[in-house]
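> Build the full structure now, drawing on both the sequences and the hints.
Protein chains in written order, with numbering that gives the first Met the number 0: chain U, 0 to 181; chain G, 0 to 181.
Hints were generated in silico from the structure; no laboratory data involved.
We put the beta carbon where it would ideally sit given N, CA and C, even for glycine.
Be careful, since some hints might not be right.
Sample of chain U residues at the chain G side, in silico, Cβ under 7 angstroms [unchecked claim]: (1) 119; (2) 121; (3) 126; (4) 153; (5) 157; (6) 160; (7) 161.
In silico lysine to aspartate or glutamate, EDC-like type, Cα no more than 16 angstroms apart, as pairs [what the hints assert, rightly or not]: (8) G:170 <-> U:134; (9) G:130 <-> G:74; (10) G:56 <-> G:114; (11) U:56 <-> U:82; (12) U:56 <-> U:117; (13) U:170 <-> G:134; (14) G:130 <-> U:158; (15) U:170 <-> U:114; (16) U:130 <-> G:74; (17) G:56 <-> G:113; (18) U:56 <-> U:134; (19) G:56 <-> G:19.
Protein chains: 2
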Amino acid sequence: MDVPDRKRRDAAQTRQNLLDVARNRFARHGYAATTVRDIADEAGVNVALISRYFESKEGLFRACLTHAASDVREEPTAATPAEIAARLAQRLSGPPGDRRQLDAFLLLIRSSGDERIDDLRRSILLGLSEKLGGDLLRAQLVLAAAVGISLLRAALDLEPLASATEDDLRKPLEDVIHALMG
Amino acid sequence: MDVPDRKRRDAAQTRQNLLDVARNRFARHGYAATTVRDIADEAGVNVALISRYFESKEGLFRACLTHAASDVREEPTAATPAEIAARLAQRLSGPPGDRRQLDAFLLLIRSSGDERIDDLRRSILLGLSEKLGGDLLRAQLVLAAAVGISLLRAALDLEPLASATEDDLRKPLEDVIHALMG
DNA sequence: ATAATAAGTCAGCGGGTGTTTACTTCTAGG
DNA sequence: CCTAGAAGTAAACACCCGCTGACTTATTAT
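Following this line, the structure appears as structure tokens:
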């Protein structure tokens, strides 16, 4: 194991564990349906640590959102529709066992009820659609397709879409993006 | 006013009011974030009536889902991509002031946490995608685009998509559907 | 008019939520 | 070794949730 000692105390590691667990649960079940005790239990630590490290449940959600945003943003600006489609297909399916990219998309559409956080979500999504280039409305339709696929796949388990592989998704996505952004 | 007397007691009318309010709130904020007191307050009645008329919060949600499903299903089977796009654009924008069609889409992607209700949602969505015809996976991608647009428009208020009119949406949607279902 | 019943309200219950305070346990520096 | 401070825990808090049983008010039928 690369993880040297599960029981060794390490604040940074614990904090990261909480972030990972929270990100996944928020993405899958939404903000309101996720309890801080669920998160702490799955991370194997006490609930109080959430308040200590992130101040509050909302603070934890904001931290998740920030990390997810930078994960999504680190994407290089793709030129051709085929490239964008390939990237998107990879993100939406993801390396086996790694749902972080998929969760990032889902997080962006989960509301916490706090208006300032919702503003943050909107600005992230707006930035993403601007980055796609071309007509803004059409770029947002590409984004809409992406988040819709994420939802139907990960949160709803709608078959056969849920089991579609990266290869299955690439060509249809390419068709869509080409149709929308020429 | 066609509504003769606001204060006159009418169980059927009250029940319908609760359904309308609940459908809108569940669609916009999700199941967990919506409280029965919120619904009752907006409907102008006491909380206890929800339990009386719908047995429980989950019963009310199930009723909303059933009504929304029949609303969505009453759509005639459209033949050409252009027709499907036109219908979809109309549903996603909706007659001014009438968000029922938009809410219907949103309801279908809101989980209540109850597995049997989730099965119902899945079967409704599966039926919808089958009705679209053609390759099932590609039909579900059309559906994904539709629910994604609903989300970004109604629940997230992402501009300029949120303010796009029916006319603004029709042509891009036609392009997408044509690309996916030829 | 008045009894019977439906429609609606009120106040409270048990339970789960986010958060905090006081405490215990581990770990590093002298 | 041993002790200060960090890391983590346990228990309780105040609050809000969904739900219910006893009550009041309006409507209808006789």
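> Does each hint hold? Answer for all of them.
Consistency of the hints with the structure:
1. 119: violated (12 angstroms)
2. 121: At about 6 angstroms, which falls below the 7 angstroms cut-off, the nearest Cβ of chain G leaves the hint on residue 121 of chain U intact, so it holds.
3. 126: violated (11 angstroms)
4. 153: Violated. Min distance 12 angstroms.
5. 157: With a minimum Cβ separation of about 6 angstroms from chain G (threshold 7 angstroms), the hint on residue 157 of chain U holds.
6. 160: Because about 4 angstroms separates residue 160 of chain U from the closest Cβ in chain G, which is inside the 7 angstroms limit, the hint holds.
7. 161: Status violated, d = 9 angstroms.
8. G:170 <-> U:134: Roughly 13 angstroms between the alpha carbons, so the hint for residue 170 of chain G and residue 134 of chain U holds.
9. G:130 <-> G:74: Given that 16 angstroms is the threshold and the Cα spacing comes to 10 angstroms, the pair holds.
10. G:56 <-> G:114: Holds, because 15 angstroms separates the two Cα atoms, which is no more than 16 angstroms.
11. U:56 <-> U:82: violated (38 angstroms)
12. U:56 <-> U:117: Distance of about 15 angstroms is within 16 angstroms: holds.
13. U:170 <-> G:134: holds (13 angstroms)
14. G:130 <-> U:158: holds (15 angstroms)
15. U:170 <-> U:114: violated (38 angstroms)
16. U:130 <-> G:74: Given that 16 angstroms is the threshold and the Cα spacing comes to 36 angstroms, the pair is violated.
17. G:56 <-> G:113: It holds: about 11 angstroms lies between the C-alpha atoms, which stays within 16 angstroms.
18. U:56 <-> U:134: violated (37 angstroms)
19. G:56 <-> G:19: Holds, at roughly 14 angstroms.
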